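Just so you know, the protein sequences line up as chains A and B, in that order. Going by this note's numbering, the first sequence opens with residue 1, and the numbers climb by one from there. Going by this note's numbering, the second sequence opens with residue 1001, and the numbers climb by one from there.
No lab work stands behind these hints, which were simulated from the structure alone. All of these numbers come straight from a predicted model, not from anything done at the bench. For glycine and all other residues, C-beta sits at the position ideal for the given N, C-alpha and C. You can take every hint at face value.
Pairwise CB distance ranges, derived in the manner of DEER restraints:
(1) B:Gly1484 to A:Thr44: 43 to 51 angstroms
(2) B:Ala1886 to A:Pro73: 56 to 64 angstroms
(3) A:Arg107 to B:Lys1120: 32 to 40 angstroms
(4) A:Asn74 to B:Glu1059: 20 to 28 angstroms
(5) A:Thr44 to B:Ala1477: 49 to 57 angstroms
(6) B:Gln1122 to A:Arg93: 36 to 44 angstroms
(7) B:Val1105 to A:Pro73: 44 to 52 angstroms
(8) A:Thr44 to B:Arg1841: 52 to 60 angstroms
(9) A:Trp98 to B:Ala1477: 41 to 49 angstroms
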Amino acid sequence: MELHHSNAEWKNGSAELLVLSLVEYQTRHGYDISRLIEIRSAGTLRFHAASLYPLLHRLEERGWIQEHWVERPNERRRRYYRLTAEGKMVMARQRQGWEAFVDAIGRVTGVEHA
Amino acid sequence: MQSAGSRVLNMPDWDAKIREQLAPLGLDPSREAEIVEELAQHLDDSYRTLLREGLTPEEARQAALLELERKAPGDLRFPSTGLAALSFPPTSPSQGWALGAGRVVIDLWRDLRFAVRSLKKQPGFTVLAVLTLSLGIGATTVGFGVVENLLFEAYPYKGANRMVLFAFHNLKAPRNERRVGRLSIADFLEYQKNNHVFDGMVGWYSGWIVYTGQGGSEDFRGAYVTPNTFEFLGVPALLGRGITLDDGKPGAPPVFVMNYRLWQERFGGDTAILGKVFILDDQPRTLVGIMPPRFQMYGARIWLPLTLTSSGAMSAGNRITGWLFVLGRLKPKVSMRSAAADLDVIARQLSKVYVEDYPAEFAVVMGQLNDAVLGNFKATLYALMAAVSMLLLIACSNVANLLLARATMRDREMAIRSSIGASPGRLVRQLLVESFVLAGAGLAGGCFLAYWGLKAVVATIPPDPIPESAVIGLNPAVLWLSVGVALVTTLLCGLAPALHALRGDLPGRLAASGRSSADASGKRKLRAGLVVAEVAISLVLLTGAGLMVRTLLSLTRVSLGLDPSTILFAQLSTRNVNYDKVEQQKAFFRQLLERVRAMPAVNSVAVSSSAPLITTDGSSEIQIPGKEHEQKWESHLEFCSEDYFRTVGLKMIRGRALQVSDIDSARQVAVVNQALAKLYFGDDDPVGRRIRFTLLNHEARRITDFEIVGVVSDFKNQGVRNATEPQTFLPYTISTIGTRFVLVNTALDPPEDLRPALRRAIGAVDPGMPMGISGSIGDWLRATSYKAPRFGVVVLGAFAGIGLALAIVGIFSLMAYTVSLQTHEVGIRMALGAERGDILRMVVSNGLRLIVAGVVAGLFLSLILTRFLSSQLWGVSANDSWTYIAVVTISVAAGVAACILPARRATEVDPLIAIRCE
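Start from the sequences and build out the full structure, keeping to the hints where you can.
Structure below.
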């Protein structure tokens, strides 16, 4: 697997990986996804709604995630997302590539896993 | 118009702004409505978060609206890394796999270190959990190991679990005389040939065999066996060979085989004796084999081959016996019931041919070899198994309790770790590793306890009912079973926090305190239930132990009728041509008694035909002229010398004891015991009356009537547990029937110290007279009658003690936890004027509720389960109220003690701090 990526491509690919991994084990809604990205990255990464929801729509069109509405009293409806079987395979490939990249950097720079 | 969501919490209305952003896209109205709803919800969430962070409503609104700003397609704020120029070599599948495997190992090692650090931070929890697991695993290993070895692995013989003894029951005989356990030689050969249920059948006859060596004579316990025996048992000899079919052929050279213990203890393990000739029962025989340590068939020290002929079972040309005890091995899948039916058919046919060998009405009965040996002790083993299972239950519920408490405390930790990136799989793996660390430490502790516990149990086990061949040791299969149970419990309860972390609302769990959630309340109820169960089960164990203590006390307090601590006994072998006449025995014993009387520290000495409380002599049907009766009257017979009553410590109640002249002239006089006098004479005075013994009427002399000259006090002539039976004391010079013992009443303590001098005295009178089994009656009693209940007391007591300790730990940990939850409440109460005593009472009464529930449940269980212990009890019933009172008192007192410390801590709360605390 060749890893030739432009900066934008890395960002797009990594954004997809981030979203797919967050819905791997648990269904989540859009705000939860964006908030988790921000918290887990300690503020380094931030996903605005204007960027997030189009991405979610794209992933849904590709069949990698699936959505459903949940109604609660005295609240708006919320749309929740979960990973599909195909999305799982895609995520595994993307994750493997990303891990190989991180390992390579680590071997060169001698950076230890925190 | 405000949307539904914004109306409820006075949220800004985002819809217009969102539609404004979407307008250029020209979306389908329904699609647009969905997007508006979703984005509006997102902004609501964002707005709430910003308000919580301290922004004013207007600032929060403005900041939330920034979410709608589109910086660039797929905008993601990412630090610039200059990555575009980099390219990377492709990762092959094997490289990918190796990378993955390496990562797993590194992660596992990291998890292990984290687990150890985490457990070290809570030393109290860790020590308790490991100790509990160790106790549970250790006790279970010991208990199941003993049971498994004795019930299933007691014998090293081929197919031992299928070996059965068979006998007949004479259906017309009294219940305790029904068993006819031997076959004539002809019958044995017929059964061997015609049965369809055994894949092998052997016979034997046991007895004492006199070995004459250079140092004198000795008695060895021997067994004459059919020549197919060693092949049947399937155990190869340690040295030389076993008995073969050729050894049973007529005219075969006389041989014998020796057991390992005799070879080691008597012959020093000398291999040179193999092939040597020994004189056994005045016959030269060649030693052809030494058997391995666990080979103890028939309890014999030597085995000799039989040749089966029509005139009986022969050995070295001598007729040994006309009948044999029989052992068969069932073919696989043949049940005992079907085997009994098959043998019954043969028996019916043979009973028509060999009429005198069969009772008029009979039934074939079969019993497993192990049942016959273990007897009543099997019930003790089952009780031990039940006790072990209960202890394991207590240990597992205690561990579950501790882990559940920890799970509640770690709820928030799991939520935080989940929020910063730990996947559920990661959390589960971390917790599994922690559980393995705990289980591993518990296993190490359990092995240590099992090793020492097994040694202690083996030292306590009564020797009598245990097959000599049984070896009780650490059983790996049982150890792994115990580990498996403890591990499953540890894993299940250790996973509770991870399972909880997989569900629920993240922000809610992050904000919530782990102690106040509804789920924590559920866990508290489960913990309380476990504590109640522990108290109940430990009460059952305590009850069992208490009943065994009462049994032992009853047994040791029984009036035996004599003082066993001062009497030494020694069996002498008079079964040879030198002593088959009364005059020969009289001459020998006169000299011997004179010598022994002259020894220092000897109070008195006597001859007898049994050792009181240890062996019983024969009995005879009796007739009392002038007293008609329909039922059979019987009496045990004791052939003794004139000093018997003084030596044993019995008192004359009426008339006189036997005198020297009675013995010397073999006068036909008798002394009866009180039991006989009461049973057959009632209020009449038996002195001066006549009595006849059917057994003696068969003698060549046709001895008829005896005159009763005295009545002597009773002693427990049928053993400690059984009632005294009628007994008659006759001069030993009347007949050579029966065994001969020397009884010495000595001031030496212990009486065994007199043994060497006694042996010398015997040797001085007749160097060829072997001294057989000997010892002090007191010691023998301790090793036989008292040892089994003592074993029950020690084992059940130990398990009950451990169970109670674990239950106290469970109560203590639950109370401590509950008190910590009630800090706020306690602070308020104290601030409102509650005294320390009030707080103490509040905490203790909470604990007492659980203890009482446990005690009630335990009492109910005990009433049901202790009846299975009935066969082990003596002098006390399974529902003995004093035992139950004592056990309830101990349980309640222990439980209250476990509540005191947490209660005192609760009273030390500073109300001001407690009120602020949440």
